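Asks: So the sequences go chain by chain: A and B. Remember, this note's numbering sits 762 above the position in the first sequence when you count from 1. Residue 76 in this note's numbering sits at position 90 of the second sequence, and the numbers go up by one each step.
Source of the hints: derived by calculation from the structure; they are not laboratory data. Please read these numbers as outputs of a predicted model, since none were measured by experiment. Please note that the accuracy of each hint is not assured.
[Said to hold, decoys possible] No more than 30 Å apart at the CA atoms, straight line, and that leaves these computed lysine-lysine pairs for DSS-like: (1) Lys868/A to Lys833/A; (2) Lys819/A to Lys258/B; (3) Lys364/B to Lys833/A; (4) Lys847/A to Lys364/B; (5) Lys847/A to Lys218/B; (6) Lys76/B to Lys131/B; (7) Lys258/B to Lys833/A.
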Amino acid sequence: MKKNDIILIAALLAAALAALAGIALYSAGTAKGAEAVVYINGKEQGRYPLGEGRAVKIPAGDGGYNLLEIKDGQADITKASCPDKICVDQRPVSRQGESLVCLPNKVVVEIENGGEPEIDGSTN
Amino acid sequence: MLPGIMQRKENNRRGKPVPHQRGAGWNRRFTAAAYVLAAVLAVGLLAALYLKMGNRQERYEATFFGSFDTVTVVTGYARTQEIFEEQAGKLEQKLREYHELFDIYHTYEGTSNIKAINDAAGEEPVKVSQDIINMLKMGIDMYHKTEGKVNIAYGSVLSLWHEYREEGMADPGRAKLPPDTLIQERMEHTDISKIVIDEEASTVFLEDKDMSLDVGSIGKGYAVQQLSSYAKEQGMGHLLLSVGGNVCAVGGKLDGTPWQVGIENPQLESQKPYVGTVGLSGKSIVTSGDYQRYYTVGGKRYCHIIHPDTGMPSGYFPSVSVLAEDSGMADALSTALFNMDLEEGLALVEAWPGAEALWILEDGGIRCSSGFKFHEEK
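Sequences and hints are given; from them, build the entire structure.
Replies: So this is what it looks like as structure tokens:
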């Protein structure tokens, strides 16, 4: 094996390594997990990965609140100070674009980077 | 190759061949192997990277209006939004062509359509495209297979109801039903056997000058089916087409799973938007219902589907959905089923090869044919 051979082989290996790194980076970029994003009055307040169970008390104006629970990869509002409790009645969400809305508290929880929606179309 | 080239370089520099010695052959082979290995690794991984970045398809949705007086939604996959929009644009164009062909109200330059056939009723045969002939033949076939419960020659009665419905919706206080004598009179001119199709000459002639075609029960479904074939020809293999709730799946989703299609709840004020979902892959589902297109007279709803035997709106149940491969057939069958009671319809569907159906009853109850796979929303 001559010096030139070694240089060329090393260059090829370097290219291979770069490609591997590219694949790894790219995969990491696209496989970003689903998150529940909390908005109060249209402003983003926090992001919580659906992969980690937790309960977050979302402070709304005038001492009000919504309790966001993340469990089994789903986000759900389980308690709230609002009068109508429509947000509590809503089904848990986990798919891309799904949301939980509390109109009185101006709280919106939206799923980002989630899986495909549950319903692709409808017939009527 | 490479080691050989390097070797020759060495030779040239020295001006004479390398003297043969023990181990030189092994060294050459080792170098060659190292080259091959490194090259394979590099090329392979670069190719993998290229494929991963270049072939990633995203899901997109396009919505457009302007065909069949309804909303069309196309859901599919493409590498970029521009590519998807170009594909959806082609589908929109194609759908529009069918809209013009099957239109009974308007004339379009350079298009011989259903209105042209109606206008020439009792006078002369009209030369039309193969698409119109195929669709009409399918309509006539469906009439016979459903004992006349869906009739494309029912235009004279349907246009009467259309007129009264439009007026009634524009001025609900003065909404009226068409007079019974007028309905009976119009029903005299609905004989489907008076449609004369000459395939050789590619013409259609209506023998009764007072009759007219209305292909509302089949035209949209036929168009959607043609659209799905066209999409496949264009290389779109994973697509969900919805033309006003006339849903057709070209293949499944990109990951191979079926598209999930919700069956809308006729009780629109209910919390439950869908009564359930159906997995759709390479098939169509079409619903006929009384809860979307209707008008109210004296507090009572009159829907747009007219029973061919009575000339009056049907009212057996709020909706029926038909699942089948062909969207045109499903469209016509759903209309026919809407014009029969549940028992009669069930018997027809059970005997129908390749068709399944789901009925939603007045009390919210659901009935399915035996092969209808359905995920009920609780």
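Asks: Please go over all the hints and tell whether each is borne out by the structure.
Replies: Right, here's what the structure says about each hint:
1. Restraint check: the Cα-Cα separation between Lys868/A and Lys833/A comes to about 23 Å, which is no more than 30 Å; the hinted pair holds.
2. With a C-alpha separation of about 28 Å, the suggested pairing of Lys819/A with Lys258/B holds against the 30 Å cut-off.
3. Proposed proximity of Lys364/B and Lys833/A is supported: the alpha carbons are some 21 Å apart, at most 30 Å.
4. As the CA atoms of Lys847/A and Lys364/B are separated by approximately 21 Å, the hinted pair is consistent with the 30 Å bound.
5. With a C-alpha separation of about 47 Å, the suggested pair Lys847/A and Lys218/B falls outside the 30 Å cut-off, and the hint is violated.
6. Taken as a hint, the Lys76/B and Lys131/B pair is broken in the structure, with Cα atoms around 34 Å apart against an allowance of 30 Å.
7. Taking the CA atoms of Lys258/B and Lys833/A, the gap is about 23 Å. The hint holds against a cut of 30 Å.
Violated hints for the displayed structure, listed by number in ascending order: 5 and 6.
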